[in-house]
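S.K.: Now for the letters of each chain:
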Amino acid sequence: MMRRIVVVEDHAPIAEGLRLNLTHDGYDVVIASTGPRGLTEVRSQRPDLMILDLTLPGMDGLEVLRTLRAEGTTCRCWSCRHAAPRSTGFAASASAPTTTS
Amino acid sequence: VILDSLPDGRWRGAEVPVSELRERLWRPRMQAVDGGTRWAASDQPFAPEDTLVAYTIHWATRNAALVSYADTARTPYRQSLLLTNLDGLRFTVTLLRPMERLLAPGGMPPSPWPRLVMLGATAVAVIALAGWTAWRALALSRARELFAASVTHELRTPLTGITLFAETLLLDRISSPDGRRRALQTIAGEAQRLSALVENVLTMARRGQAEERLQVRPTSLGDLLRSVEDAFAPMCVTRGLAVRGTVSGPDTATIDPEAARRILVNLVDNALRHAAEATHVTMEAIHDDRGVTLVVADDGIGISARGARFEVMLATGAPA
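Residue numbers (the numbering used here), protein chains in the order written: chain A, 1 to 101; chain B, 1 to 320.
Chain A with its partners taken away, still in its complex shape (with noise of 0.2 Å):
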């Protein structure tokens, strides 16, 4: 079964450049330019990994996490840009992509 992301990113060439490469690799990728749309993708199509930006329009990436959080949704979560604050419940940052939660 095809393993499916969904990027949340506002910055439409980063987030094309993302689906480019992550569909080249394999992936099935869902795109969402905005935090609620982002929390939506998330919730219907439970996807193996998130990546997700922390500046966003509509509501940022660490409130979209804890809210996703909240829920009780486990899957894995990237930030694609800054490295996280700690305890926000990022797996990790971009740069060291190494557990899950």
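Don't read these hints as lab results, they were simulated from the structure. From the three backbone atoms N, C-alpha and C, an ideal C-beta is built for every residue, glycine too. A portion of the hints provided could be inaccurate.
Here are the in silico distance ranges between beta carbons for each label pair [unchecked claim]:
{"#": "1", "chain 1": "A", "residue 1": "G72", "chain 2": "B", "residue 2": "L169", "range": "36 to 42 Å"}
{"#": "2", "chain 1": "A", "residue 1": "D48", "chain 2": "B", "residue 2": "D251", "range": "54 to 60 Å"}
{"#": "3", "chain 1": "A", "residue 1": "T74", "chain 2": "B", "residue 2": "H280", "range": "37 to 43 Å"}
{"#": "4", "chain 1": "A", "residue 1": "D48", "chain 2": "B", "residue 2": "A196", "range": "49 to 55 Å"}
{"#": "5", "chain 1": "A", "residue 1": "S44", "chain 2": "B", "residue 2": "G240", "range": "37 to 43 Å"}
{"#": "6", "chain 1": "B", "residue 1": "H287", "chain 2": "A", "residue 2": "T23", "range": "38 to 44 Å"}
Based on these hints, arrange chain B on the given structure of chain A.
M.R.: Relative to chain A, chain B alone:
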């Protein structure tokens, strides 16, 4: 006022006589006085050249005298009692050295309080100034840190786009000519964005040193707005957004086209960055009696009343 003579020859109220100071000035005068009983007429000041104070004897007996002093350097008589002593034909002025120092015009020793208050106030002022300077330096360095962090964040976004697509192309992961062309277009667009951001930073740095000089000249508003539209065309296509410019009234206005373009690009860029799909950004050049007003508006999400968005952006822009 008559002073009480004490058994030891000094006068009540006197502390330490410094007779040697006055004796030199005093003696010639005394020799002219007969018997030391009628000195009351002696109303001329001693006018000592080497002291600030001149004395006038108003009244005297063998045992006491009433004198007043005048500050020769200043104004009239200050009625004041000086401690005096009579020794045969000689008067000894027992003006105390410390008292002499303390005597102020008016005859009262000055209070130490004004000086203490002044000292205290100065100390408080110095401490407050030091504190304020330190606080300012701290605030400034924090602002610099925040600025550097948010600028880095802004610059990194297009840079990431460029790197991503360049590497994707290098890895031959895009096979169709169309796709390769789109990737190159994205790289060009991101590079343009990056260069505009760098230009912004430079402008800000220059503004910190001196007022920027505007290069005002007759400019076509239509061309100006079209150039901004073109700058965002690739982004609009990929994200399904729209940027439109309209001019109402004459096309030509006397403005600095570079500065105006930079302002418009910043505003539109900010609007699009936070825009959901199908957002429309409009730029309007409106003529009125004061000149031309450039209005940038979008139909996307707004900013909450308390400006929370700015706080959030600053917070996430800072190094974690």
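S.K.: Report the numbers of all earlier hints that the structure fails to satisfy, in ascending order.
M.R.: 4, 5 and 6
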